[in-house]
Amino acid sequence: MRGQARKESLSDSRDLDGSYDQLTGNPPRPTKKALKQRFLKLLPCCGPQALPSVSENSVEDEFELSTVCHRPEGLEQLQEQTKFTRKELQVLYRGFKNECPSGIVNEENFKQIYSQFFPQGDSSTYATFLFNAFDTNHDGSVSFEDFVAGLSVILRGTIDDRLNWAFNLYDLNKDGCITKEEMLDIMKSIYDMMGKYTYPALREEAPREHVENFFQKMDRNKDGVVTIEEFIESCQKDENIMRSMQLFDDVI
Amino acid sequence: MAAGVAAWLPFARAAAIGWMPVANCPMPLAPADKNKRQDELIILNVSGRRFQTWRTTLERYPDTLLGSTEKEFFFNEDTKEYFFDRDPEVFRCVLNFYRTGKLHYPRYECISAYDDELAFYGILPEIIGDCCYEEYKDRKRENAERLMDDNDSENNQESLPSLSFRQTMWRAFENPHTSTLALVFYYVTGFFIAVSVITNVVETVPCGTVPGNKELPCGERYAVAFFCLDTACVMIFTVEYLLRLFAAPSRYRFIRSVMSIIDVVAIMPYYIGLVMTDNEDVSGAFVTLRVFRVFRIFKFSRHSQGLRILGYTLKSCASELGFLLFSLTMAIIIFATVMFYAEKGSSASKFTSIPASFWYTIVTMTTLGYGDMVPKTIAGKIFGSICSLSGVLVIALPVPVIVSNFSRIYHQNQRADKRRAQKKARLARIRVAKTGSSNAYLHSKRNGLLNEALEMTGSPEDEHMTKTTSLIESQHHHLLHCLEKTTGLSYLVDDPLLSVRTSTIKNHEFIDEQMFEQNCMESSMQNYPSTRSPSLSSHQGLTTSCCSRRSKKTTHLPNSNLPATRLRSMQELSTIHIQGSEQPSLTTSRSSLNLKADDGLRPNCKGSQITTAIISIPTPPALTPEGESRPPPCSPGPTTNIPPIGSNIVKVSAL
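Sequence lines, in order, name chains W and A.
So for the first sequence, full-length UniProt numbering puts the first residue at 1; every next one is plus one.
So for the second sequence, full-length UniProt numbering puts the first residue at 1; every next one is plus one.
Quick caveat, the hints were computed from the structure, so don't treat them as lab data.
Wrong hints could be hidden among the right ones.
Quick list of the computed label-pair ranges, beta carbon to beta carbon [stated by the list, open to error]:
#, chain 1, residue 1, chain 2, residue 2, range
1, A, Leu325, W, Lys196, 19 to 27 angstroms
2, W, Gly176, A, Gly122, 36 to 44 angstroms
3, A, Arg86, W, Arg208, 53 to 61 angstroms
4, W, Arg208, A, Met27, 53 to 61 angstroms
5, A, Gly122, W, Asn137, 55 to 63 angstroms
6, A, Cys25, W, Asn137, 35 to 43 angstroms
7, W, Arg203, A, Ser112, 54 to 62 angstroms
Computed list of lysine-lysine pairs in DSSO-like fashion (alpha-carbon distance at most 30 angstroms, straight line) [stated by the list, open to error]:
#, chain 1, residue 1, chain 2, residue 2
8, A, Lys344, A, Lys299
9, A, Lys140, W, Lys97
10, A, Lys140, A, Lys381
11, A, Lys102, A, Lys140
12, A, Lys137, A, Lys424
13, W, Lys87, W, Lys97
14, A, Lys381, W, Lys87
15, W, Lys174, W, Lys83
16, A, Lys434, W, Lys97
17, W, Lys217, W, Lys196
18, A, Lys102, W, Lys111
19, A, Lys140, A, Lys344
20, W, Lys188, W, Lys222
21, W, Lys83, W, Lys36
22, W, Lys196, W, Lys237
23, A, Lys434, A, Lys445
24, A, Lys445, W, Lys87
25, W, Lys87, A, Lys299
Even for Gly, the Cβ is constructed at its ideal location relative to N, Cα and C.
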């Protein structure tokens, strides 16, 4: 414990003079503002009048996120828009607000929350894809409405809605069709969530093979991409997938 | 998984939709949520303060009391709430743990109370959040030290069954206050250490002149006297060292310990001096060896706690000291170099080399400033002033760390000492309370018996004397009584002076230890004179030995060897029985001892079949054994005299 305390104290002291960024472990790239600030601090002649203009922006930068607070629309509107009951919405919002007091989730938060469910593997890539799928207006944050809208489709939607949503998730660039590269990314992210210690051990080619499999099944006209119609059609023909879609009926 | 994130589990499960279409194999069945209740508010009533929370909040941690079905035991049907008879303040922290997933430790809370509450609610203290963990660990460590201290001193006070001579000696050496002999030894060695150090010092003082105008130090003038003194001291030290070596539980460890090394180094020069011949070359070296005699002063650290603490502090601050040394060395080298080159130009400069400048730098940095080496050039003066300024800083920085370490350790020791001092008072209070409660038992017992006897003898006037005991007390007493009856064993009152715990005397009932001891003493006095020594071991020995004789002595009692008191007691036995009741005062005051002595025999009146013997009287625990002036004990018991009184056979069985 002594050694640990020592290490921490070292890092703390380095953090104090700004030479060590605790988050990433690298020295922070000195921005122009920060350099100017440091120089000005040393000179006794530069009184307080020089500093405020420099510090104002940085203060703002620091507090940017925490001053933003988002409130969702009223309960009735959400009830209309989604297929959840009032009580369900209440439960969902309580959980949401507990974890994100500011009312919105940004990508970092999202990844961190999701990673708590998969302690062994690395779920950050998949979480990014999920985030992009939930963030329908692409503004970099998921509000409670987005959250609930997504959940409504997955948990209370028809099978077709769900398949649509899944397709949306896979289609990374939202151009209406899934290419092999996109599918490979998705597959790799799913395999990443498993972590290193699996049985049998993860082989390098496993994701690629899996993608080939998938395209074999889904790509009807063998043109190298899977469109939404092909996807839905193929899924409807597959019993396993149909059955698994019904799993979501009683998640909440 | 953090509590808050548990609420996001539905989301995580929903997000699994991305895996479905790409899966190769069918998915497993989902666990069915059998009791799909709507989330409801539950009320937790903790000592009157009502807390409310959602059921799902509590169910986040199913392996705690509140999260499992264990809380159903506390459900109050009438008020439809869960009632806990515990501390509401700590419950606040517990409930916050469920809500936020972080367990906090409030600083104002006592550590053992907090631990108890956590244990009750089934929460492991290891989950305490980082923000409060340091504080928690510190307090826990302090508490553990206190407990260890208590245990240690308890162990010290217990009568260790039989210490070998060697062990007693070692104990005497380590804790001088255990016996007077050890204390004497302690002071004698201290005195001789002082004498030895003073002689070493005085030896070198110049002491008058000798014809020839040469100043002689006292050591050479009175050589014989000093030699005798030195010899005496070394003798004492040698004897002490050998005794310690003999008594040490682990000789190897003792030899390696610091104090033993100091002892050896202190006496070695003398022996080497004895052995060495008067060789010219060697005697020079021998004179140097005498400097080691000054180490005798370190022997004082056995006598002074402060010195030991200082030594311990220095050891524990070794890293800070090392840093101080390192930074000083760096600074010295830098400044010495600079000064050397700055003063190179000046003529007749004392800064002849860099090592020579070391002296100047050290003297300046520690702000001594002897003035034997002084810079003359302007550059030299500038750098010299920078040197002295920085010296102050460099030295001042690590010193507070060392000081605070010393202070912490010193206060720890102070606390331990204070605790030990207060402990005596505390134990005395506890003893009074404890014996009070067992006295109460004896009391009520006697009252109960008294009542029975009164019923028998039919005198009504005593009824008003019975003390009203509370229901709980009476139930407790009944319980103890049942236990006695069941096992045929008995309780002994815990007398602090005699410190004998429960015995396994068969067929005895409640016996007051003092009475018991008194009896033993008296009976044993017939056969051999024994001194009433207060020490534990002797008393115990006496007890066991005398009691074993008692059964054999049944026939001796009628002899005229009996002290008069015994006879008197016998007569009283008889008279009491015949007379029936007496008016005992039910208080346990000293004055009523006389009366009480007689009461105990009532039960004998009762039945014909009593094989249990000796009832006696609760006496106040603070009494010192009063010796023969005490009223005659009732219990002397062995009893062939008594049968004429009744058909009671009062037997005293062997211990």
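- [ ] Quickly compare the C-alpha distance for A:Lys434 and A:Lys445 to 30 angstroms and report which way the hint goes.
- [x] 17 angstroms, holds
Requested in this report: Mind checking the alpha carbons of A:Lys140 and A:Lys344 for me, to see if they're no more than 30 angstroms apart?
Outcome: 61 angstroms, violated
* Asked: Are the Cα positions of A:Lys137 and A:Lys424 separated by 30 angstroms at most?
  -> 29 angstroms, holds
Discussion item. Between the alpha carbons of W:Lys87 and W:Lys97, is the straight-line distance 30 angstroms or under?
Written reply: 15 angstroms, holds
### 30 angstroms limit on alpha-carbon distance, applied to hinted pair W:Lys83 and W:Lys36
55 angstroms, violated
Does W:Lys97 sit within 30 angstroms of A:Lys140, going by the straight-line distance between their CA atoms?
Outside the cut-off at roughly 35 angstroms; violated.
Margin query: Please verify whether A:Lys381 and W:Lys87 have alpha carbons no more than 30 angstroms apart.
Written below: 83 angstroms, violated
Q: Starting from A:Lys434, check that the Cα of W:Lys97 is at most 30 angstroms away, please.
A: Violated - the C-alpha atoms of W:Lys97 and A:Lys434 are around 56 angstroms apart, more than 30 angstroms.
Subject >> Range agreement (Cβ of A:Ser112 with Cβ of W:Arg203, hint 54 to 62 angstroms) >> reply: 56 angstroms, holds
Check your understanding: Does the structure keep A:Lys102 and W:Lys111 at a Cα separation of 30 angstroms or less?
Key -> Holds - the C-alpha atoms of W:Lys111 and A:Lys102 are around 21 angstroms apart, at most 30 angstroms.
Task: Restraint status (C-alpha distance of A:Lys344 to A:Lys299 at most 30 angstroms) - done: Roughly 49 angstroms separates the two Cα atoms, so the pair is violated.
message = Against the 30 angstroms threshold, does the CA-CA distance of A:Lys140 and A:Lys381 hold or violate the hint?
response = Between A:Lys140 and A:Lys381 the Cα gap is close to 56 angstroms, so the pair fails against 30 angstroms, i.e. violated.
Against the hints set out earlier in the document, violations occur for numbers 1, 2, 4, 5, 8, 9, 10, 14, 16, 19, 21, 22, 24, 25.
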